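Chains as they are written, first to last, in numbering that gives the first Met the number 0: chain U, 0 to 509; chain D, 0 to 509; chain P, 0 to 179; chain G, 0 to 179.
By construction, these hints were calculated from the structure, which means they are not laboratory data. Everything numeric in this text was worked out from a predicted model, so none of it was measured. For each residue, glycine too, the CB sits at the ideal point set by N, CA and C. Among the hints, erroneous ones may be present.
[Unchecked claim] Which bits of chain U does chain G cover? Going by a derived footprint, with three or more residues having C-beta under 8 Å, they are:
id, region
1, 40-52
2, 376-383
3, 399-409
What follows is the residue order along each chain.
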Amino acid sequence: MKKILIANRGEIAVRVIRACRDMGITSVAVYSECDRVARHVRMADEAYPIGGNPPGESYLRIDTIIDVARKCGADGVHPGYGFLSENEDFSAACRDAGIKFLGPSPEVIERMGSKTAAREVAMKAGAPVVPGTEGALAADVPDAAIAKLAESIGYPLMVKAVAGGGGKGMRVVMSPDELSGAIRGARSEAAASFGDSAIFLERRIGRARHIEVQLLGDQYGTVVPFVERECSLQRRHQKVIEETPSSKVSPELRVRMTSAAANIARSVGYTGAGTIEFLLDEDGESFYFLEMNTRLQVEHPITEMVSGVDLVQWQIRIARGEKLTLDPALTIQPNGHAIECRIIAEDPDAGFMPSPGHISALRVPTGPGIRDDGGTEPGATVPIYYDPMISKLVAWGQTREQATARMRRALSEYEVVGIKTSIPFHRWMLDQPEFESAQFDTTYLDRLLKERQGAPFMPAGDADEEIAAIVAALSTVIQGSPRSSEAASGVRPARTSRWVSQARFEGLRS
Amino acid sequence: MKKILIANRGEIAVRVIRACRDMGITSVAVYSECDRVARHVRMADEAYPIGGNPPGESYLRIDTIIDVARKCGADGVHPGYGFLSENEDFSAACRDAGIKFLGPSPEVIERMGSKTAAREVAMKAGAPVVPGTEGALAADVPDAAIAKLAESIGYPLMVKAVAGGGGKGMRVVMSPDELSGAIRGARSEAAASFGDSAIFLERRIGRARHIEVQLLGDQYGTVVPFVERECSLQRRHQKVIEETPSSKVSPELRVRMTSAAANIARSVGYTGAGTIEFLLDEDGESFYFLEMNTRLQVEHPITEMVSGVDLVQWQIRIARGEKLTLDPALTIQPNGHAIECRIIAEDPDAGFMPSPGHISALRVPTGPGIRDDGGTEPGATVPIYYDPMISKLVAWGQTREQATARMRRALSEYEVVGIKTSIPFHRWMLDQPEFESAQFDTTYLDRLLKERQGAPFMPAGDADEEIAAIVAALSTVIQGSPRSSEAASGVRPARTSRWVSQARFEGLRS
Amino acid sequence: MIYDVDINGRTRRVAVTRHGQSFEVSVDGHAQAASVSVVNGVWSLLLSDRPDAGNPDAHIPQRSYEVAVVEAASGELTVHVNGRLVSATVAGARGSWARRGHEAGASAKGPQKIVAPMPGKVIKVLVKAGDTVAAKQGVVVVEAMKMENELRAARAGTVKEVKVAEGATVEAGSVLVIVE
Amino acid sequence: MIYDVDINGRTRRVAVTRHGQSFEVSVDGHAQAASVSVVNGVWSLLLSDRPDAGNPDAHIPQRSYEVAVVEAASGELTVHVNGRLVSATVAGARGSWARRGHEAGASAKGPQKIVAPMPGKVIKVLVKAGDTVAAKQGVVVVEAMKMENELRAARAGTVKEVKVAEGATVEAGSVLVIVE
């Protein structure tokens with residue numbers, strides 16, 4: 000493999016370019032109009048435009064991307080996550096074009112992409128699944144028939160879209176009278192989001208944790224699982240902080256979960272990097288297969304930190320036919336503890352509203368135990384069209400306590416000016432007693448946020464306000480001084496705001 | 000320990016501040032006039048001026064620093080490396096002021112700071128030393144007496160200043176006729192640099208490697224050594240690239256060297272972080288005690304990367320009386336491989352002349368396996384008064400090959416505009432066959448540099464020149480265009496050069 | 000020079016005296032020495048209390064802050080300090096230097112238009128015409144940038160008009176709901 | 000627009016045609032399409048060869064470069080490309096837009112003064128008055144910034160005067176040796 004096209008953008012494209020460079024492989028970026036000057040375009044060896052800003056006109060255009068890959072002579076395509084990463088047609092189109100897709104075959108993507116088919120795979124592989132209906136319930140199955148199935152499963156239960164993901168097309172049903180409404184809601188949401196209104200029922204596991212197992216599979220049937228990731232801290236079914244290992248998983252349970260995950264992947268001849276998600280019951284013993292993500296996960300760096308394994312390099316090595324040489328006894332032994340915070344361009348104090356725009360200043364933390372996988376830089380713009388995640392901040396420590404302390408410090412060093420970010424939320428989150436004691440389940444954060452009723456995460460204290468008053472007054476003094484206003488012509492206008500910037504203060508330099 | 004004053008500047012002050020923050024300790028910076036706005040001042044919780052720019056007026060002023068420490072209520076002082084870090088008077092002054100010095104006692108610093116006394120300690124502890132004279136040869140010992148001693152040691156030999164360091168006051172003597180001149184030279188250099196003209200003689204170990212052992216000692220007699228560091232790549236006795244483990248050290252040799260190091264430290268009741276330097280003979284088996292550095296080393300992060308241990312946090316824990324809880328069997332087991340490049344403000348193509356000045360743009364690499372411990376930032380100035388090192392770039396990999404590939408990639412990502420740096424030298428260095436095969440000794444680099452006769456490290460190729468021609472022409476086109484020259488008023492003038500910068504190109508933004 | 004600075008609905012009176020490179024500042028009577036330097040648009044601010052005339056050797060901590068300041072077109076400043084964002088408006092300089100461009104922001108009156116901040120899809124409409132809404136109450140959920148975002152009323156009022164239906168695709172700036 | 004650009008003693012002729020946001024550039028007859036955008040002072044430059052009229056489907060790589068440009072007061076540009084620093088001087092624009100501030104650097108004549116670039120201590124004086132020195136030959140070693148730095152003659156000549164002795168402390172800008 001000599002040249003890899005990365006069919007993605009942002010931090011994950013940058014991550015893959017780095018792996019290519021580490022391996023001496025030429026990297027090819029693709030870009031939409033607004034991404035002409037994005038970090039991944041600047042870092043790659045080659046870069047090609049693929050269309051307009053909406054993803055449907057560029058990053059989701061299989062035809063255009065395959066065309067570019069063919070013309071530029073790429074012999075591999077890395078889909079990243081999101082966009083086309085779990086699209087079996089894209090995997091098939093790569094195969095048809097004679098280009099290696101860095102992920103599983105279209106058949107495996109399709110099979111594991113259907114929640115009901117994936118459940119069947121898991122059951123056949125001997126993995127526990129949440130009790131539920133066996134197949135998909137298509138649009139024409141009457142509610143009465145579904146109600147009967149529901150009785151046999153028992154309440155509370157979940158109505159889930161077969162094609163679902165990210166919490167969409169999903170309803171909790173506490174009692175029989177809620178069932179019809181839930182079916183209607185889930186079906187219409189699923190039809191709108193995925194073009195498929197088929198649903199299925201599952202028993203609801205209360206106060207469960209979301210625990211997932213990363214794995215790699217080579218082309219020769221070897222599957223190696225890694226130490227589990229704890230992803231229970233979710234806001235509206237979106238992970239916000241991940242860590243590994245889970246404080247709730249004992250070494251004995253780890254062996255059971257990782258074996259179950261490996262068996263599932265092995266049974267479908269899984270190749271490349273993938274992740275099996277489980278629900279862990281509050282008893283800390285019973286776990287249930289939830290779904291498989293047939294791609295690299297956002298949170299893969301925490302696994303890299305505790306295993307020392309470069310997962311993206313292995314995706315490439317597997318695709319070019321190498322055998323997995325990792326010792327599975329070692330990959331499930333965590334070396335220390337790692338935590339990831341997803342740094343998102345959003346305003347946590349305004350209901351987590353996305354906050355795209357121009358980044359006028361950016362300082363990323365570094366130092367011992369800190370890794371920042373970013374996709375942007377000072378002077379860049381976070382576009383309005385895509386996922387607002389700007390970087391993933393990862394902290395490693397010998398213990399969970401040390402990793403947490405380093406993460407707190409790194410968050411306090413992070414400086415982003417021009418847009419709002421999730422950093423205040425993360426700083427608040429890490430100080431919650433439930434985080435410190437690792438006592439949370441997947442419903443914890445939404446419950447807590449509801450209770451807080453939008454209270455600011457990092458309210459300014461009296462001392463902060465006093466400093467702000469001083470700074471406001473000083474900036475006025477300096478702005479008004481004849482000496483500084485002359486220098487002020489050097490101030491570069493930002494979009495809607497302007498920096499009280501260096502030029503005015505040149506005179507204050509010692 | 001609640002508040003630590005860091006009697007240093009630059010990256011090591013930043014490193015210590017981070018450790019303080021990780022442990023919830025208040026950090027206090029001190030600064031000379033030109034460092035008012037330096038990174039370490041901005042990051043610390045408190046900051047105090049200590050005098051003028053020359054180190055003798057600020058960072059070397061024991062009285063001023065102790066006074067600040069006392070007044071601000073610091074209960075600990077971290078000396079970093081360089082400056083006062085190996086000054087027994089400073090350690091004593093801290094003790095007298097009732098402030099904990101984060102390093103060994105004045106007695107230990109003094110003893111290990113004398114090369115002849117340290118040799119005696121090593122011999123008593125059973126560690127091999129280079130055959131040589133037993134005590135110091137003061138200024139009044141006649142050359143004839145020294146010549147007799149030289150005969151018994153044998154030629155070639157080294158004349159070394161007792162108080163020496165960094166290659167100063169050191170001469171190689173190949174034959175008896177060179178002896179008198181070497182004694183004179185070493186004595187005068189030592190007198191000028193250290194105020195002490197005492198010398199001693201040592202047999203010269205040819206083609207040796209510089210291998211050193213990091214260790215920690217607590218207040219209860221426990222000493223834990225770490226995997227050796229390979230520091231043979233030196234230019235004029237200054238380390239330029241360090242790595243761990245050494246490719247030349249077998250596990251069996253590692254046990255012998257680390258035990259010898261620990262025995263030496265234990266025999267003097269060493270507390271805190273220290274490093275014992277050895278010469279490893281080209282036979283790869285015999286090693287000799289060289290000297291001890293009674294402080295944190297510049298290159299400590301590579302040890303942190305392969306051990307997972309935060310050495311600065313342990314310095315603090317030891318100082319506040321904690322017991323070492325590290326397993327010495329584990330600390331001498333390397334987890335992967337780490338390499339450090341010292342990024343220095345210097346022009347390698349002009350005889351490595353320092354290149355202080357204004358940094359107009361700076362991009363630091365990140366991503367998997369990369370750690371950058373820096374002390375500066377874009378817009379900052381590298382002052383002319385201090386060590387020109389601006390950061391330490393560290394790459395970790397599961398293997399030496401992976402660490403090297405990541406280092407190459409990270410160096411290619413590093414962007415520094417405004418000053419020259421050692422990066423072209425490092426990129427060249429990593430591509431030398433002797434680096435790849437790890438076949439080098441302490442004389443290798445100086446010999447190679449001499450042979451090269453100042454040839455540029457990264458000469459521009461024809462393709463680079465073509466791109467430069469295009470860029471030069473385009474920048475003229477755009478500069479000359481009426482549309483852009485209007486915007487050009489936003490260009491901020493740098494000291495002696497000016498950026499062909501963003502403002503002119505705003506019109507080109509897509 | 001005396002400035003009235005409005006922060007979070009409270010007015011702080013700040014007196015500033017310049018001494019060459021440094022300043023003496025007093026906030027509501029709390030006097031401190033201030034030193035300011037700027038690198039790359041970010042301030043380094045050192046603050047220390049005034050020496051105690053009775054005990055000149057008393058410990059006076061000099062605290063170090065990194066501060067960023069962004070000025071909106073309205074003149075409102077956003078001060079980044081200790082990881083917090085504090086909005087501050089200088090009400091008027093009383094000294095010899097005139098403050099440029101000082102105008103108070105538009106007053107909070109008239110109908111509120113709740114607009115889509117970015118292109119997206121309307122997932123839920125939470126109100127209908129005639130409904131009474133409280134300040135900060137959610138009115139519409141728009142999916143954009145892969146997230147579901149609840150748009151809220153800034154102030155209490157009555158819904159005058161709902162201009163979009165669930166499932167509709169909207170452009171940035173589209174008016175979704177009008178509240179009076 | 001045609002420019003003569005001097006690089007490393009060689010003149011490259013560059014023809015530039017602008018097409019809206021992009022350019023057609025030709026260096027000594029090698030024609031390429033160029034796209035330029037700038038973020039934070041650093042260029043993103045995309046270069047691709049012209050399509051082959053005979054084979055429009057032929058693979059035309061579009062190479063991506065990050066480039067920084069610094070302009071000295073003399074007008075000389077330093078271009079950072081692929082980790083290399085390339086000095087370039089545009090000899091004169093022949094088109095309709097006048098190039099501002101274009102003057103060649105001072106010619107390399109007259110006595111050379113070898114000065115201390117920063118404060119330090121003279122460790123070694125390697126020449127004496129009357130010695131002949133070659134271009135790039137070391138003349139003085141100064142210790143500064145914790146390093147020993149060999150200062151060299153820029154051009155060949157004869158040492159006229161040595162103004163410092165070993166061990167002397169020198170200020171930045173002090174003349175150490177004069178070579179004629």
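Consistency of the hints with the structure:
Closer than 8 Å: that is the beta-carbon criterion, and the region 40-52 of chain U has 8 residues meeting it against chain G, so the requirement of 3 holds. A stretch counts as covered by a chain when three or more of its residues have a beta carbon under 8 Å from one of that chain; for the region 376-383 of chain U and chain G the count is 4, and the coverage holds. A count of 0 residues in the region 399-409 of chain U with a Cβ less than 8 Å from any Cβ of chain G is obtained; the coverage claim is therefore unmet, three being the minimum.
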